[in-house]
Amino acid sequence: MNEQRRQVLAMLSEGKISADEAERLISALEQPAGRPSDSDSAQGVKNRPKYLRVQVDSEEGGHNGPTKVNVRVPMQLLRAGVKLASLLPAQALQRANHAMHEQGIPIDLTQIKAENLEELVEQLNDLSVDVDQTDERTKVKVRVFCE
Amino acid sequence: MIPFVAVVSLRNQQSRTFRLWIPLVLIWLLLVPLALLLSPFIFIACLVCRVNPFRGLAVVWQVLNALTDTELEVEHRAAGMSFHIL
Chain A
608 MNEQRRQVLA
618 MLSEGKISAD
628 EAERLISALE
638 QPAGRPSDSD
648 SAQGVKNRPK
658 YLRVQVDSEE
668 GGHNGPTKVN
678 VRVPMQLLRA
688 GVKLASLLPA
698 QALQRANHAM
708 HEQGIPIDLT
718 QIKAENLEEL
728 VEQLNDLSVD
738 VDQTDERTKV
748 KVRVFCE
Chain B
24 MIPFVAVVSL
34 RNQQSRTFRL
44 WIPLVLIWLL
54 LVPLALLLSP
64 FIFIACLVCR
74 VNPFRGLAVV
84 WQVLNALTDT
94 ELEVEHRAAG
104 MSFHIL
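Those protein sequence lines, which keep their order, are chains A and B.
Residue numbering for the first sequence follows the numbering used here, starting at 608 and increasing by one per position.
Residue numbering for the second sequence follows the numbering used here, starting at 24 and increasing by one per position.
Be a bit skeptical, because a hint or two may be false.
Unchecked claim - In silico lysine to any residue, SDA-like type, Cα no more than 25 angstroms apart, as pairs:
(1) A:Lys675 <-> B:Trp44
(2) A:Lys657 <-> B:Leu90
(3) A:Lys657 <-> B:Thr93
(4) A:Lys675 <-> B:Ala101
(5) A:Lys657 <-> B:Trp84
(6) A:Lys675 <-> B:Gln36
To be clear, the hints were calculated from the coordinates, so they are not data collected in a lab.
Chain B on its own, in the form it takes in the complex:
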């Protein structure tokens, strides 16, 4: 399954944590019409670059699926940040 939510946590010097839940599903929904509009151009670009467009689509889908559980944390005395894809 492609990830649906990403969580961004920010911590400031006063140790106050601000957590932002990003609904990725809305971003995917917004990107679908854009991808459909751009699909002829992407198809032509794939043909020019001699890349199988269907294989390319499959790999991009795999990358999106594999993003789940990616995590990045940076902690410093003064501040901290974390990014987690659920």
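So here's chain A without its partners, still in its complex pose:
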């Protein structure tokens, strides 16, 4: 029994508070401040996206007809993937850095830590990317979103 609960019971036994008040105080002590209720956390889990979806609709001129690509990747796989990436040895990361610099991509992979990647995946929940390209011969529409 913790100290606060003991104090509440002492106040009850001294008659300073009623049984109802003691019950309310004890139940308030059992629920830590700032902690979401069970229904809130269940709602959060329910609303949490499960998949990253990539849809590509491409329509080329001529008689090829439209091409549709639909990829559904579980968010869990992304999380496992970033954990796998965090296991890459330093030499491999340096080689990857070098190759990316040659391609004009100034990203230092050695600075990316596992916890940052986790955070990145968490933020993907609100991600939505729409790309539309239309010219004389082709019409391409790319959508990346979480669901």
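Starting from the known structure of chain A, fit chain B onto it as the hints suggest.
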């Protein structure tokens, strides 16, 4: 749970669909002895690369678990293909 089945669907120009169910569980069973045979080499490679082999094993297991529900579909007027891990 690791995925047990993958389904590959292929559609040809005549709209005939060919569906192939791949029992991944058999592939995992075949890979277990191979992984056991290779485990000393994997262990040494992990040590050389300064990677904790147990952590590596745990992450590979997580990746296998997370493969469930992965889906890829490509549709074209002439043909189509889909790959679904169950």
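Here is what the structure says about each hint:
Distance hint between Lys675 (chain A) and Trp44 (chain B) is fulfilled; the C-alpha atoms sit about 23 angstroms from each other, no more than 25 angstroms. Only pairs whose Cα atoms come within 25 angstroms are accepted, and Lys657 (chain A) paired with Leu90 (chain B) is accepted, the gap being roughly 12 angstroms. Distance check on the hinted pair: Lys657 (chain A) and Thr93 (chain B) sit about 11 angstroms apart at the alpha-carbon level, within 25 angstroms; holds. Note on Lys675 (chain A) and Ala101 (chain B): the hinted pairing holds, with a Cα-Cα distance of about 12 angstroms set against a maximum of 25 angstroms.
Of the supplied pair hints, the one linking Lys657 (chain A) and Trp84 (chain B) holds, its CA atoms being roughly 19 angstroms apart against a limit of 25 angstroms. For the suggested pair Lys675 (chain A) and Gln36 (chain B), the alpha carbons sit about 16 angstroms apart, so the restraint of at most 25 angstroms is met.
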